[in-house]
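Using the sequences provided together with the hints, build the complete structure.
For the sequence shown, my numbering assigns the number -3 to the initial residue and increments by one for each residue that follows.
Bear in mind the hints are in silico, worked out from the structure with no lab data behind them.
Mixed in with the good hints, there may be bad ones.
[What the hints assert, rightly or not] Taking lysine-lysine pairs in the DSS-like style, the calculated list, with each CA pair at most 25 angstroms apart, reads: (1) 120 with 71; (2) 193 with 62; (3) 247 with 237; (4) 277 with 323; (5) 114 with 193; (6) 267 with 323; (7) 120 with 188; (8) 267 with 120; (9) 71 with 277; (10) 114 with 267; (11) 188 with 173; (12) 173 with 120; (13) 111 with 323; (14) 277 with 267; (15) 114 with 71; (16) 120 with 277; (17) 114 with 323; (18) 120 with 247; (19) 114 with 277; (20) 267 with 111; (21) 111 with 277; (22) 267 with 71; (23) 193 with 267; (24) 237 with 267.
[Unchecked claim] Ranges between beta-carbon positions, derived for each pair: (25) 187 with 371: 51 to 57 angstroms; (26) 355 with 187: 40 to 46 angstroms; (27) 71 with 420: 41 to 47 angstroms; (28) 65 with 402: 46 to 52 angstroms; (29) 42 with 320: 29 to 35 angstroms; (30) 364 with 238: 24 to 30 angstroms; (31) 402 with 242: 23 to 29 angstroms; (32) 208 with 345: 31 to 37 angstroms; (33) 182 with 230: 34 to 40 angstroms.
Computed from a predicted model, the values in this text were never measured in an experiment.
Built from N, CA and C at the ideal position, the CB exists for glycine as well.
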Amino acid sequence: MKALGVWRIRVFVLTLCIWPAPMWAQSQIPAAANAPSLISMEDAIRIALQYNQALRAQRLNIDQSKAGEITASLKPNPVLGNLVDTIPIFSPQNIRLQTQIYEETLSYTVERGGKREKRVAVAKDNTDVAAKTVTDNERQLRFQVAQAFINVLLAKSVLLLAQDDLANYSQQLDLNKARLTAGDLAEADYIKLSLQKLQFEQDVSSAQLSLVQAKANLRQQLGYQSVADNYDVSGMLIHNKHAVQLEDLEKQALANRPDLQAAQSGVTLAKDTVALAFGNKVRDWTWGTDYTNQNFGINGVGVNLSFELPIHDRNQGEIARSQVAVKQAQETESSTQVGVVTDVVNAYYGFQTSEQVVNLFEGGYLDQATQSRDLSTYAYQRGAASILDLLDAERSYRATQLAYRQAVAAQMIAAEQVNLVVGTQVIR
-3 MKALGVWRIR VFVLTLCIWP APMWAQSQIP AAANAPSLIS MEDAIRIALQ
47 YNQALRAQRL NIDQSKAGEI TASLKPNPVL GNLVDTIPIF SPQNIRLQTQ
97 IYEETLSYTV ERGGKREKRV AVAKDNTDVA AKTVTDNERQ LRFQVAQAFI
147 NVLLAKSVLL LAQDDLANYS QQLDLNKARL TAGDLAEADY IKLSLQKLQF
197 EQDVSSAQLS LVQAKANLRQ QLGYQSVADN YDVSGMLIHN KHAVQLEDLE
247 KQALANRPDL QAAQSGVTLA KDTVALAFGN KVRDWTWGTD YTNQNFGING
297 VGVNLSFELP IHDRNQGEIA RSQVAVKQAQ ETESSTQVGV VTDVVNAYYG
347 FQTSEQVVNL FEGGYLDQAT QSRDLSTYAY QRGAASILDL LDAERSYRAT
397 QLAYRQAVAA QMIAAEQVNL VVGTQVIR
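Here it is as structure tokens:
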């Protein structure tokens, strides 16, 4: 028997191992081993909308609201009662089954004032508000992912710049070492050049750290296990010119912004709540019937009706509160509408300013910084410029290149900001 018990335990464990996983387990986030290792911005947004844990939690608010619709649509349950009466508890010797009164009752409450229909309307309004709120959260997540993705592109570009600068400077340092060996360069000048290499090495280390942090921030938005540990992004910093009009953006924002739509649905919800409050003012009727048996050959049925007399409580407080809530919802809608227009104005002029800054760099400053470095290097190698002139030209070139990359990234983020405030992809 003991061996048989052990055999049963083994079968049970084996059954648990091969039994299919439940649906909720199968729908979990995929393991990092099967996750993509190279993603584009479109991939990143798609993955985030599917796997971002915070957004997944917010979407469950819609399911909760839909469950509230089921509760609101339910009708009252009938009530079945049993009664045994005339039990002589002070004369227990007289207790007989034939001397008691037995009564069976059945009652049902009839809701009046359209309460059920109005409850359902309020519940559907709550679901509509929840759905539009989730859509607004998706809008904001799109921007956050795009912003984090652009920051990764910027970090990669800065790292590449720092590595190129270090390689070029190391090559120049080797040439100057040869000049030092040949007696064409003073040792003091060479030491200054050699010390400057530390700055280039620090730039590389700082850029590597920035890239790690930028990718970690992006991975947090995507859902940690939705991409591989060593994932990378595709794409590069690109300055694309876009023509947008402020008036068109305002019209599209007022038509598309889900937070404004949620505020408008909030007004509908508040008005339906007032209707429900007036419906709850009407008192319900409770109809009942009973069957009585005294076991003396006396059997009978009865019908009863009961309802509350609305003398004191006529739902005055809830009616007043819901009426004030309508005004509050209308003020919220107006405030949201003003906020939408303000967001569009700020984003539009921010985009225009970032466009102008990038144009300044591309209009000549990039070429000037490159020419200044090349001329200083050429002049220094022929003894026509000092070591300070060379180092200053190198610093100016690095600073200009870094500022340009930051300006392009800011322009790309400003374009995504326009999409955010409008509520749709107007700039691609």
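task = Would you list, in rising numerical order, the hints stated earlier that this structure does not obey?
result = 2, 5, 7, 12, 18, 23, 24, 25, 29, 33
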